[in-house]
Amino acid sequence: MDKVIIAENLSLSYKEFETIISKASFSIDAGAFVFVTGASGSGKSTLLKSLYGAIEPRAGQLMVGGVKMNRISTSKLNFLRRHIGIVFQDYKLIKEWTIEKNVMLPLIISGYTKDISGPQVQKLLGHVKLIHQAGKYPPELSGGEQQRVAMARALAHNPILILADEPTGNLDEYSSEVIWNLLEGANTQLKTTIVVVTHRIPSSIKVPYKHYHIEMGNIHEVS
Amino acid sequence: MKSLKNHISLIIALFTVLFSVQIYVAVDRTIGAYENRLKNDYSIVVVSNKVLNPHDFKAMDSIIERSEPIATDQVLKRLQGEMTKKNLDLLKLTLPKFYRVYLSRFPTPEEIQKLQKKLEKNPGIERVEGYAQTHDTVYKLMLLFKDVVQIFSIAIAAVTSLLILKEMRLWQFQHADRMSIMALFGAPVWLRSAVLFRLAIVDAIIATVVLCLAFFLIDQYGWMDLLLRTVGISIQLFDFIHDGFRSLLIALGVSIILTLTIVIGSEEEE
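Line by line, the protein sequences are chains A and B.
Note that my numbering gives residue 170 to position 165 of the first sequence, counting from 1, and the numbers run on in steps of one.
Note that my numbering gives residue 33 to position 31 of the second sequence, counting from 1, and the numbers run on in steps of one.
Extracted from the complex, chain B is given alone in its bound form (with noise of 0.2 Å):
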């Protein structure tokens, strides 16, 4: 009973390192498809005296993806009424080019500054209207969010590191008989403590499996889904293959890490 009250507190310990992971890893996969949803639909507004073609945007710089005229059409139409068809055609003429640039990925606010002094320098350009103020909130916002999550995970993952430590030197004073039994008769370090290696392996791979069932059952719950719809986003919380490999690598690479601290601290207090 005792010993699986020990199991049970390094599978939990384990268990809430890998789970403030993956929360980290969903957030970023869940900022990476909002990026991508903004960077769709977020756009510059050029305004030139000449035209341009897609290509001549593309050659301005390389964050530029595309680029699509805005047509005037509707403007002129609303005018119709107003104006005579001869002013009409005057005011067509004499009326700058608009277009649209999108951009190969979700920028910065500084990219975005540095992007639309770049057009301005070009000749025939007018105006370059970057939005930057709307973007660099709705931005900020998220890192913000990103660093929340990233520092929370930390603190969990350091906090129950300690806890697994002073679980781990519990099991140290219980096997310690053993362990200098063992010793007496010229076991290696490594021997001698084969059996906290053997536990703290036995308890990684618990620790994966309770984390991957979790995902399983918030995925068939689908709560989490339902809400990340809402906000028009649609990822994979958990990939069983990729992070449930990622996650077994981290609870063993834990789990032996601090087992060998406790195993090479017991050996120079001897």
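Isolated chain A, as found in the complex (with noise of 0.2 Å):
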């Protein structure tokens, strides 16, 4: 089975003599759903930031759909996360930006036209039950609303990688549940590879995941 993600040795931090992931070695499957888990401050918001070229290796390998991220060009940057879908626990919304025009975001940088772009656009407004809100801006939705538009702009592009920092930390159990099954749904029909950061594994996951778990700067997988 191809490898989406390939660490060997992976050591992450933000200044030199400061560890938070250490000699970390993993692979993450195409198509799989991974969950990491660990406590607060434990490095797991680091590792999803290298993985979408934030922040740099210290030491190591880090292949990330076939693009090697240690010391990578801004161009090689920008066409890999062209090919990835990003949610954040504070959604990152362009403020400015109708809720249509954010979920149209990765398809306009993708160079994709409105006639193309607009029905992929509204079909995913449409599973994310906001339709009714295309033409509002984010600080008028709540914030289970704000990410569900999150959730549908990171799906837009059909991205072959989904990256979610804590997505319901924060939300309500129904935009919760909206989130989960979108990206269940991702993982089973288009089979895209998701790799959540949280704090806990939900229970009504329904698909087949691997856990990864991370103490002490060390990740190792829960069987």
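You may find that some hints are simply not true.
Residues from chain B that face chain A, not an exhaustive set, calculated with beta carbons under 7 Å [unchecked claim]:
| hint | residue |
| --- | --- |
| 1 | Arg180 |
| 2 | Leu186 |
| 3 | Gly188 |
| 4 | Ala189 |
Distance ranges between label pairs, derived from CB positions [to be verified]:
| hint | chain 1 | residue 1 | chain 2 | residue 2 | range |
| --- | --- | --- | --- | --- | --- |
| 5 | A | Lys28 | B | Thr263 | 41 to 47 Å |
| 6 | A | Ala35 | B | Ser182 | 26 to 32 Å |
| 7 | B | Ile258 | A | Lys28 | 44 to 50 Å |
| 8 | B | Gln152 | A | Val72 | 53 to 59 Å |
| 9 | B | Trp192 | A | Val212 | 53 to 59 Å |
| 10 | A | Asn163 | B | Ile203 | 40 to 46 Å |
| 11 | A | Asn163 | B | Val212 | 45 to 51 Å |
| 12 | A | Lys8 | B | Leu251 | 52 to 58 Å |
| 13 | A | Asn163 | B | Ser182 | 19 to 25 Å |
In short, the hints are calculated from the structure, not lab data.
We put the CB at the ideal spot given by N, CA and C, even for glycine.
Starting from two chains that each stand alone, build the complex the way the hints lay out.
Below, the structure is given as structure tokens:
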């Protein structure tokens, strides 16, 4: 099976003599659903950041989607990011743009015209039950609704990999359910690889998944 | 309101650059027109003991445009009462020939001296009067004025460019969230910065329109034209097609180059 993520002796840190993740080796198959858990400050988000190139490996090797993340060039990183969908705990929606345009962002970046991106966005807004809010702006929506918009945006360009950082951290039950259903749907129907960083794995998850736990800078698989 | 304030700051800064450039152009035109007027009024007086025709003068130096003999009749008429006809005829025969030599352009003082020496080398030419000293003062004054305006324009352009850079930095901070979100989804730097370029282009167009409007009002009011006419100069202060187009190009050039500086600078910081 193809590997979407390969880490070998991966060390991550923000400063030179600091270690957040130490010599981690793991791999994630294409189409897998993976949870990464750990206590606050354990390095879960740092690991996720390294997967979309926000921080570079301090040591070791990291490959994402066949792209080497060590000393990656801006153009290669942009190329990789155009094939990844990211969901953040704080949504990261563009406040000055409508919900519809926010969902359209990855498609705009990939150069799709409105004829193609328009129906795709409408379909996704339907999936996240926000079609009636398309013309509104993010500050006009609740936290749960904003996260559903962020979820629709992450799926808009049919990415090979979705990275989600505490996607349901502050959400109500209904919005959490919509988010998990969408992630499960993308994984089972589109074979999208999903990596979710979370405190707690939801009990409602129906798909088979892999579970990694981070503790004291070490990553180990939980069977 | 805040956004409008930012736009106005950039529009004013760009307008100042365009206005200083246009003032320099207008001064250059005024000096050009004045030079032309001086050139028409200016001539060299040549005293020769033999008859010289315009072709002879033109052959001496390419700067010579035309020449005309200075009639001596008036001087001789004045002497009619004091001298006998025989002496007067004799004087007429021995009197040298006077010529007024006009030049094709307004010469520098060095050119006058050079020309003077060149003419004096010609056999037959006894004396050349270039009025170099008078000419020198006027010319130097004009050059000084032109230089002062040029330095002033450059200083204004430099200071306002710094202000524009600062303004664009503010824009960048204002749009930093949007730009960083776009970067997370792989937007290339030009797409992330498209909003900055769009703002810069719109403001460049507005600044050019304001400049055209300002010169239209100056033209309508007519005081500048009146001022120039008092010194015998008539020029077009602002040509709406030619100058308007050049101003638009300058405004677009300045704003795009400064936006690029900001964008490239921020990319390096990343």
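Quick rundown of the hints versus the structure:
1. Checking Arg180 (chain B) against chain A: minimum C-beta separation of about 5 Å stays under 7 Å; hint holds.
2. With a least beta-carbon distance of about 6 Å to chain A, the hint placing Leu186 (chain B) at the interface is held under the 7 Å criterion.
3. Proximity of Gly188 (chain B) to chain A holds as hinted, the smallest CB-CB distance being about 3 Å (cut-off 7 Å).
4. With a least beta-carbon distance of about 5 Å to chain A, the hint placing Ala189 (chain B) at the interface is held under the 7 Å criterion.
5. Here the CB-CB span from Lys28 (chain A) to Thr263 (chain B) is close to 42 Å, well matched to the stated 41 to 47 Å.
6. The hint said 26 to 32 Å for the Cβ distance between Ala35 (chain A) and Ser182 (chain B), and at roughly 29 Å that hint holds.
7. Evaluation of the 44 to 50 Å hint for Ile258 (chain B) and Lys28 (chain A) yields a pass: the beta carbon distance comes to about 48 Å.
8. Gln152 (chain B) and Val72 (chain A) have their C-beta atoms about 54 Å apart, which keeps the hinted 53 to 59 Å range intact.
9. The given range of 53 to 59 Å is broken by Trp192 (chain B) and Val212 (chain A), whose C-beta atoms sit roughly 40 Å from each other.
10. Between Asn163 (chain A) and Ile203 (chain B) the CB atoms are about 34 Å apart, so this pair departs from the stated range of 40 to 46 Å.
11. About 48 Å separates the C-beta atoms of Asn163 (chain A) and Val212 (chain B), a value consistent with the hinted range of 45 to 51 Å.
12. At roughly 54 Å, the beta-carbon separation of Lys8 (chain A) and Leu251 (chain B) lies within the given 52 to 58 Å, and the hint holds.
13. In this structure the supplied range 19 to 25 Å holds for Asn163 (chain A) paired with Ser182 (chain B), their Cβ-Cβ distance being about 24 Å.
The structure does not agree with the numbered hints 9, 10 stated previously, though it agrees with the rest.
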